[in-house]
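If you read the sequences in order, they're chains A and B. Here the first sequence stands for residues 1 to 279, numbered as in my numbering. Here the second sequence stands for residues 1001 to 1266, numbered as in my numbering.
No wet-lab data here; the hints were simulated from the structure. Ideal Cβ positions, reconstructed from N, Cα and C, are used throughout, including at glycine. Certain hints may be false.
What the hints assert, rightly or not - Between beta-carbon pairs, the in silico distance windows are:
1) THR151/A with GLU1082/B: 39 to 45 Å
2) TYR16/A with THR1243/B: 54 to 60 Å
3) SER1028/B with TRP145/A: 51 to 57 Å
4) ASP1073/B with ARG118/A: 23 to 29 Å
5) SER1237/B with GLU190/A: 40 to 46 Å
6) LEU270/A with ASP1090/B: 40 to 46 Å
7) ARG1126/B with VAL71/A: 58 to 64 Å
8) SER1028/B with TYR16/A: 53 to 59 Å
9) ASP265/A with GLY1136/B: 42 to 48 Å
Said to hold, decoys possible - Some, not all, of what chain A presents toward chain B, calculated at C-beta under 7 Å:
10) ASP182
11) ALA185
12) THR186
13) VAL189
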Amino acid sequence: MSIQTDTGRHAESVWYASDLKRYLRGLGGLTVFLVVWWGGAIVTQPSYLIPTPTESAWAFLELFTTSTEIVVPVFGMNLVLPTGAAHLTETLFHYVPGLLVGAVCGIGLGLTMGWSGRLDDWLRPLIRILRPIPPLAWIVFAIVWFGIHHTGAAFIVFVGAFWINFYGAYGGVEGVDGELTDAAATLGVERDLSMLKLVALPNAAPQILTGFRTSIGRCWMIVVGAELFGAPGVGYEIINASNNLAMDTSVAYMLLISLAFLCMDVGFRLFERRLLAWR
Amino acid sequence: MALSDSPSTTADSTPKIAVENVSNAYESGGESVQALSDVSFSVDDGEFCCVVGPSGCGKTTLLRTIAGLERPDSGSVLVDGEPVTGPGLDRGMVFQEYALFPWRTVRGNIRFGLDRPACGCSDCERRVQELVDLVGLDGFEDAYPKALSGGMKQRVGIARAIAPDPEILLMDEPFGSVDARTRDRLHAELLDIWAETDQSVVFVTHDIDEAVTLADKIVVMDSEPGTVRSTLSVDLSRPRDRTATSFVDYVAHIRDELGSPTETNC
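Modelling step: build the complete structure from the supplied sequences, incorporating the hints.
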């Protein structure tokens, strides 16, 4: 008993030490990066090519000390927010609907196709052809169908989210253990829909959630790409600032995207861990 | 030692389970493999029947056919005189590798069959708790399968299978993956549960000792293709002593039947 507690405490202190070491190393890496960046920015001429870390930090602060008015789509009302938050909100206006609708459609089709062999036969060649097309290539249709505004950008995000989530759900359902469906069958599950809901879906949950988490990141890349073509939001602000040679502001917006992604990723990981406690 | 070859000697009443001339083949690497060939035997109401034979003799296929998970190519399985057409809540099944739903807790796994269709029991929560107690898992109700040992997992498997109160319990080498001591304890517990529930049990194993420990009746199978070599009743009082001469005689007899003097294990 006492031996057990001893080793337990020992293991814990070892864990703390290695953790601290890890953080220190991470901090070291960041410092080296900042120093190299700084040095590079100082020696590079003309100076606007690489803004220094301090210039960028000031530009980042400025995003939250000035305010900007944006239009809320659908409702048409105006909203005044700190500049950074305003443009981030603009991005979210097409990012969130694109991501969610794409995820729901992708998961829905993935589940159905993974479950139904016949539908799989029908759609597999089509999907083989459509899948490799990069979501951003659809921008031409987004432009002619919707115009490059919120709807067009949301459409691009939709395409990106759709495929990632489709494959998550498809793989998850396809890989369901035959013994589990057998067990469910002997326990009274008769209809396909019940089997899908009670066995295939929970069994595929880890892969579906991983797919969704991947799509959160991928869609940030896509949304910025769409905005470089002119949809309002942080991506547009990056290119807009650089057109004015305000590279420090561009860097500030890049940092803002990174932070937004990090928050979403960490938040979703926590949710995922709670949902998959059984793993 | 009572030996009987014919499955249909019970003239007065229909047996609980009647396997009649069942043949089944499956495809393996483009070749058709005969898993079962003209298999017949019957299990009476409340009888504990063990099917013993070398691996590859089609024991599992036979059990799955009774469960309705597989259709025989010819012949039929009758339960209470009615042909089996698919799985049903009247036949509970315990799987060799447990087949527990990993995303459900012990309670959730046991509960699974009670919720399908709409709950037939008046107080499901209590029924689940009773089953948890019956298989000795109190304190682990909210644990997920990943946290359980093999023996505990199979206890959940048994509780889950008997939860909807099936008349027949089908067990596919259920204790093949647990250590010997746990297995002994599970044997005793299973016999207690069986005595309490009056179920008819078909228990598949390759372990002759296990079969003689548990069964009223033993169906000895032969491999390639799977056929019934003989059927015998075990007239020993329970609990059975594995060192008793009569017990050893039964084991030796079955070993002779199987034609392998030392090793019947896979």
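Hint by hint, work out which the structure violates, then give me just those numbers in ascending order. 1
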